[in-house]
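Chemist: If you're matching them up, the sequences are chains A and B in order.
Everything in the first sequence is counted per my numbering, starting at 6 for the first residue and increasing by one.
Everything in the second sequence is counted per my numbering, starting at 6 for the first residue and increasing by one.
Everything labelled a hint here was simulated from the structure, so no lab data went into it.
Heads up, a few of these hints could be off.
The list treats identical chains as interchangeable, and a pair is accepted whether it falls inside one copy or across any two copies.
[What the hints assert, rightly or not] Restricting the straight-line Cα-Cα distance to at most 25 Å, the calculated cross-link-like pairs of lysine to aspartate or glutamate (DMTMM-like) are: (1) 260 <-> 63; (2) 62 <-> 130; (3) 291 <-> 87; (4) 102 <-> 83; (5) 423 <-> 393; (6) 396 <-> 76.
None of the values given here were measured: they were computed from a predicted structure.
Number of protein chains: 2
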Amino acid sequence: MFGVRGLLRTLRRCSSAPCPKRAPAARLKVREALEARELPGADVKVQGWVRSVRSQKEVLFLHLNDGSSLESLQVVADPSLEYRDLTFGSAVEVQGKLLKSLHQKQNVELKAENIRVVGPCDALENGYVHIHTPVITSNDCEGGGELFQIKTANKVKEHEGESHFFKVPAFLTVSGQLHLEVMAGAFTQVFTFGPTFRAENSQSRRHLAEFYMVEAEVSFTESLQDIMQVIEDLFKTATSTVLSRCPHEVEFFYKYIAPAQKGRLERMLKNKFLTLSYTEAVEILKRAPQTFTFKPEWGQDLQTEHEKYLVTHCGEVPVFVIDYPYDLKPFYMRDNDDGPQHTVAAVDLLVPEVGELCGGSLREERLHFLQSRLQRLGLSDTYQWYLDLRKFGSVPHGGFGMGFERYLQCILGVSNIKDVMPFPRFPHSCLL
Amino acid sequence: MFGVRGLLRTLRRCSSAPCPKRAPAARLKVREALEARELPGADVKVQGWVRSVRSQKEVLFLHLNDGSSLESLQVVADPSLEYRDLTFGSAVEVQGKLLKSLHQKQNVELKAENIRVVGPCDALENGYVHIHTPVITSNDCEGGGELFQIKTANKVKEHEGESHFFKVPAFLTVSGQLHLEVMAGAFTQVFTFGPTFRAENSQSRRHLAEFYMVEAEVSFTESLQDIMQVIEDLFKTATSTVLSRCPHEVEFFYKYIAPAQKGRLERMLKNKFLTLSYTEAVEILKRAPQTFTFKPEWGQDLQTEHEKYLVTHCGEVPVFVIDYPYDLKPFYMRDNDDGPQHTVAAVDLLVPEVGELCGGSLREERLHFLQSRLQRLGLSDTYQWYLDLRKFGSVPHGGFGMGFERYLQCILGVSNIKDVMPFPRFPHSCLL
Chain A
6 MFGVRGLLRT LRRCSSAPCP KRAPAARLKV REALEARELP GADVKVQGWV RSVRSQKEVL
66 FLHLNDGSSL ESLQVVADPS LEYRDLTFGS AVEVQGKLLK SLHQKQNVEL KAENIRVVGP
126 CDALENGYVH IHTPVITSND CEGGGELFQI KTANKVKEHE GESHFFKVPA FLTVSGQLHL
186 EVMAGAFTQV FTFGPTFRAE NSQSRRHLAE FYMVEAEVSF TESLQDIMQV IEDLFKTATS
246 TVLSRCPHEV EFFYKYIAPA QKGRLERMLK NKFLTLSYTE AVEILKRAPQ TFTFKPEWGQ
306 DLQTEHEKYL VTHCGEVPVF VIDYPYDLKP FYMRDNDDGP QHTVAAVDLL VPEVGELCGG
366 SLREERLHFL QSRLQRLGLS DTYQWYLDLR KFGSVPHGGF GMGFERYLQC ILGVSNIKDV
426 MPFPRFPHSC LL
Chain B
6 MFGVRGLLRT LRRCSSAPCP KRAPAARLKV REALEARELP GADVKVQGWV RSVRSQKEVL
66 FLHLNDGSSL ESLQVVADPS LEYRDLTFGS AVEVQGKLLK SLHQKQNVEL KAENIRVVGP
126 CDALENGYVH IHTPVITSND CEGGGELFQI KTANKVKEHE GESHFFKVPA FLTVSGQLHL
186 EVMAGAFTQV FTFGPTFRAE NSQSRRHLAE FYMVEAEVSF TESLQDIMQV IEDLFKTATS
246 TVLSRCPHEV EFFYKYIAPA QKGRLERMLK NKFLTLSYTE AVEILKRAPQ TFTFKPEWGQ
306 DLQTEHEKYL VTHCGEVPVF VIDYPYDLKP FYMRDNDDGP QHTVAAVDLL VPEVGELCGG
366 SLREERLHFL QSRLQRLGLS DTYQWYLDLR KFGSVPHGGF GMGFERYLQC ILGVSNIKDV
426 MPFPRFPHSC LL
């Protein structure tokens, strides 16, 4: 092995300065640093990408990787060296001394004297305004009927002629989308993160009666690809942040719950998500060698078994399925104005094990299209306010929602959704 | 005025070095810096507390105050000088050059070359774990009856013999407290921030049917004063953060909505909150020269008019009222075991204009006390699980809740609670 001292000697010989007072730092690969046997206490420089940042009161730990080794190099630094740019994914140059580590699991660590962020990696979703959309609503957003209705528990009041506390029937929200659309008309980019509800009588491993969604809505967007890019960025950034901020908690799951999940997740993070049209997806399913309980057919909803097959078919990476049949999707999705197989600009993101994780679409911003669709559905009066949004300053826009508990299932490898939250609510169960 | 050059000359004369290559920086008060007419371009040093931090891509702005002037000194720095310790309230030493400001509103600004955080001010609620408590619950926490009950909107299912989706009656939560108590038994310090609901038929300027609460629960706490300290810290830290992060938005309210609010809020932040016992409060109200609609009487709830009088009486600063009558408060509050005026270790925080902003208590951790109280109320069966928490590893603990919309009213000076949120829900109104 070419030792560190050899490197330093070579460097000194190459130096044009006749007698440098301080030797320039030897540049080492992470692999070279990890394998160093002689630790001369001389300055070395390592360049790479930050794989984790753990900041404690007295000391700052970084893990650095440059692709030369599967292992990362532990960097130990004074917390004063932590800049706001020093985040997961940023490219850095660390100068310091290579010391014998006191940890059993590693041979050496780099005691940093200087850390320079070469390429920052700003993971914040800049410019999105956080909106608290209401839980109680008079909208029946999806028109699906799987709604919880609310009434006052105090029976007396209802018999006094007040049939409704709010004068109109009120429900628990199934999505904050329509409210977000209102706010996106003022703040351009908005998101919400809050509880949503479905009275679905399902005992499956991926359904809850009460669950959290992160939903975003973006104005001035004319392409579904823009929305898909936000979804992919959100998934990758959030996951990288979790991995870097909670390494112990994540390791716990990989050790005791889902040992195969680590590799699966790395594949998801490393690869670009794939895209299939709904029509292509149905073709793939029809050609599949296996028999499905629900026969795949253009115009029919994709079932869990179909979603899982598609993800496996694509190599266990997340897959966007776009352009769903017009008749399958709610009224607010943008008409692709195509035919004879009439579609809308909708997108679902399917992920390994879990299936559908996100759903989104461009929204129908054209008054005429929206008006005629609501008319056919007999909903023109109910959604007059929604039509008004298209009359005054309408913009092309779109958005999506991601189920938060399913997201946790996906990154942690937890097979039952009831295990990723403390007080799960599902049919016949509302403990505490 | 003693000019900057004079200061520098004096400093040089005092210096023991015969011919310093670089003059040491002159130490200036903020007032001296602000009044400087001669700007020698020499190094100066200013010490003080950070009143705001505004971080932009290309430049970092600080406002520094040391008590020598009502005005703060603007510091302009390269963003690379921003450490994580550089927060609102931290004590810093800034070295740099005093330059003529290009801004009309200020004469000079300090171009920082070095910023040293002398005393950090870590405003994070360290160690609190964020819990998402459920919205749907089978608890009737306060026993008040002002609850929303939920049912499935799909009538057919209910006639199929399924009288309840969850098998038991289910309600919208009025507080996450009981769930937090469960989690505080595992994580020690926990908080939740989410929607809560009251079916109160009130059209007041401070009630909503759906509102947000931040609630915290702290294990291993035996004194109500500890809880009050957390409340006061939370109020002051959150408010300081809002003022420092959103100066433009806050200024908007002070300019157009509530010009007097700025001074009122400064008084709240500067002064220690006061404490009165409920018994003292009732005495003060009885001695009041004004006539109340509700006659103050020991054993009766404090009304809004009483709360407002008490705050005014105390000089318009927030007031904690503690030790309320046993019979007025819910079963989980800790018995003070006193008499003949029997009280519990409860606390309400009253603030100017708004009245009650927070409510909290020590919780009854003694199995025997809790058991006999629940028995008298006929609730032993319902709260068996809660009694179990006292049987196995029970600890003295306490907590509180703060109404988020009332908090916004309080710091922004907005008189109607319906004006601090986009989609307010109140009797006869559930728009969108």
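Chemist: Evaluate each hint against the coordinates.
Modeler: Taking the hints in turn, this is what the structure says about them:
no., hint, in the structure
1, 260 <-> 63, "neither (29 Å within a copy, 44 Å between copies)"
2, 62 <-> 130, "between (27 Å within a copy, 15 Å between copies)"
3, 291 <-> 87, "neither (54 Å within a copy, 58 Å between copies)"
4, 102 <-> 83, "within (13 Å within a copy, 28 Å between copies)"
5, 423 <-> 393, "between (40 Å within a copy, 23 Å between copies)"
6, 396 <-> 76, "neither (57 Å within a copy, 48 Å between copies)"
The earlier numbered hints that this structure contradicts are 1, 3 and 6.
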